[in-house]
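Going line by line, the protein sequences match chains A and B. In terms of the numbering used here, the first sequence has 45 at position 45, counting the first letter as 1, and numbering is strictly consecutive. In terms of the numbering used here, the second sequence has 65 at position 65, counting the first letter as 1, and numbering is strictly consecutive.
One should not assume that every hint holds.
[As the list claims (entries may be wrong)] Some chain B residues near chain A, calculated using beta-carbon distances under 7 Å:
no.: 1; residue: Ser34
no.: 2; residue: Pro61
no.: 3; residue: Phe95
no.: 4; residue: Phe107
no.: 5; residue: Ser193
no.: 6; residue: Val207
no.: 7; residue: Gln211
[Claimed, not checked] Each pair of labels, with its calculated beta carbon distance range:
no.: 8; chain 1: B; residue 1: Ala74; chain 2: A; residue 2: His166; range: 46 to 56 Å
no.: 9; chain 1: A; residue 1: Glu180; chain 2: B; residue 2: Gln165; range: 26 to 36 Å
no.: 10; chain 1: A; residue 1: Trp111; chain 2: B; residue 2: Asp160; range: 49 to 59 Å
no.: 11; chain 1: B; residue 1: Gly154; chain 2: A; residue 2: Ala187; range: 22 to 32 Å
no.: 12; chain 1: A; residue 1: Pro91; chain 2: B; residue 2: Ala74; range: 23 to 33 Å
no.: 13; chain 1: B; residue 1: Pro122; chain 2: A; residue 2: Ser107; range: 21 to 31 Å
no.: 14; chain 1: B; residue 1: Arg90; chain 2: A; residue 2: Ala63; range: 24 to 34 Å
no.: 15; chain 1: A; residue 1: Gln55; chain 2: B; residue 2: Asp132; range: 21 to 31 Å
no.: 16; chain 1: B; residue 1: Ala161; chain 2: A; residue 2: Ala71; range: 42 to 52 Å
no.: 17; chain 1: A; residue 1: Ala93; chain 2: B; residue 2: Ser138; range: 47 to 57 Å
no.: 18; chain 1: B; residue 1: Asp93; chain 2: A; residue 2: Gly139; range: 49 to 59 Å
These are computed hints drawn from the structure, not numbers from a lab. Backbone N, C-alpha and C fix where the C-beta goes; we use that ideal spot for every residue, glycine too.
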Amino acid sequence: MKPHHHLDAATLVGYSAGALPAAFSAVVSAHLSVCAACREQRLDADSIGGHLLRQQEGAALSASSRQAMLARLADEPAPFVTTAAGKQHRPDALPEPLWPYFGETYSTLRWRLIGPGVHHIRALGVHDGHLMLLRVAPGRSLPMHSHGGNELTMILQGAYDDSLGHFAPGDVADLDCDVEHQPITSAGLPCVCVAATDAPLRFSGWLARRLQPLFKL
Amino acid sequence: MGMMPPDAVTSRVTPIEAVRRVSLPANQAADDASYWADQMRAVATRRDVDCFMHIYDHYAPRLQRYLLGLHVPATQAEELVQEALLRLWRRADQFDATRASLATWLFRVARNLYIDAVRGEPHWMPIQDGLDRLDHESTQQDATSTESYTDHAGLSRAIDALPAQQARLIRMSYFEAKSHSEIARELGMPLGSVKSNLRRAFAKLQVGLRQAR
């Protein structure tokens, strides 16, 4: 999986700065887990944070803190070498960063039908933005929508086309508020994607009335 | 340059053990990433407490300032600073000077602790560990990668050269952890302009990063 559509630099800066709403961070992490190019960009963004930290004037710590630090060192057991067992790639597995929100495998997802050919799962416990999985049947057009805020979508399976191009697994569509788009899913496989939004999607098409309540809009 | 701070030219004859105990004058040697990388190596290989406390003395107040800027109460901020440095002690062997400077490494740890403990996002930390593992694996595969992040003169210049508006957006992102929407609201700017300005600033800073070598 080598993605062709990448994260917006502004999104990466927000991620690196710890300034992105949680729902967006989840999608960014999922993309980073499959995109070495964006991981390099993330390192640059972190380097900017490190540099700003280095340039800063320090703030005074309480008088006892140095002693407390030494005491904690003395309590430390000998360091253990962390052996990170690489997870084997399973075709049924979701990207690892999504596991806490949706579980580990596609086969165990509990989809809810929300409209003709459209299924949906909403991540629970995300208080900052909305995070959801969407599954759209092949060869379908999604309702035309625009955004009051940001939308970040990553394709997990299948594909779609819209005015911005062809989006296949691993690709992200990192959209500004002024973009109005109408994705059409490719023939063959259903298109599964994970999406984060921070503001209501505004549907202008036929599915609108049925989708709105489900997105809690 | 070895263990010696770049400014300590006059003390070059001093035995190295003595030099290490000398606390650096404020703002000197701080910019020399290879100096700090050497301190980290001493921590990793010899479990050298003096070198560790030297890192502590220099960076703990900066981390404290960073967390206070994010409105973390002072007591909790101090706990997180200690936690960050404890992680450095435990994971010193994982520090890779060719991938990131010590400052960058500490920034990441402090930010991760902030998101975990203050913002209450329990999934962030394990996810970051997973991504770091991927980074580590791809670095090992790519042995030709000689890119080093040890010199930041170019980045310094690039930050100084940013237009005021872009510099402000960068600071609001990193020092206040404000989302694009929050920045847009606060400055009365369209969301699209916030993002395009951040994009431009990032591109300039990346050029600075590359020029540094």
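So, as I understand it, the hint says B/Val207 touches chain A; can you test that by seeing if any CB pair is closer than 7 Å? The hint is violated - B/Val207 has no Cβ within 7 Å of chain A, the shortest such distance being about 10 Å.
Against the range 21 to 31 Å, how does the distance between the Cβ atoms of B/Pro122 and A/Ser107 compare: consistent or not? holds, 25 Å
Interface hint for B/Phe107, Cβ within 7 Å of any Cβ on chain A: holds, 4 Å
Note whether the CB distance of A/Glu180 and B/Gln165 lies within 26 to 36 Å or breaks it. holds, 28 Å
Supplied distance hint 22 to 32 Å, evaluated on CB atoms of B/Gly154 and A/Ala187: violated, 49 Å
CB of A/Ala93 to CB of B/Ser138, is that within 47 to 57 Å? This hint is violated: roughly 19 Å between Cβ atoms.
Taking 7 Å as the limit, does the beta-carbon of B/Gln211 come near enough to a beta-carbon in chain A? violated, 13 Å
Is the distance from the Cβ of B/Ala161 to the Cβ of A/Ala71 consistent with 42 to 52 Å? holds, 45 Å
Identify whether the interface hint at B/Ser34 stands, where standing means a beta carbon of chain A within less than 7 Å of its own. This interface hint is violated because 13 Å lies over the 7 Å limit.
Determine whether the Cβ-Cβ distance between B/Asp93 and A/Gly139 falls within the hinted range of 49 to 59 Å. With Cβ atoms ~53 Å apart, the hint holds.
Pairwise beta carbon distance, A/Pro91 to B/Ala74, judged against the given window 23 to 33 Å: Violated, since A/Pro91 and B/Ala74 (Cβ atoms, about 50 Å apart) do not stay within the stated range.
Grab the minimum C-beta distance from B/Ser193 to chain A and call the hint holds if it beats 7 Å, violated otherwise. violated, 10 Å
When the structure is compared with the earlier hints, violations turn up for hints 1, 3, 5, 6, 7, 11, 12, 17 and for no others.
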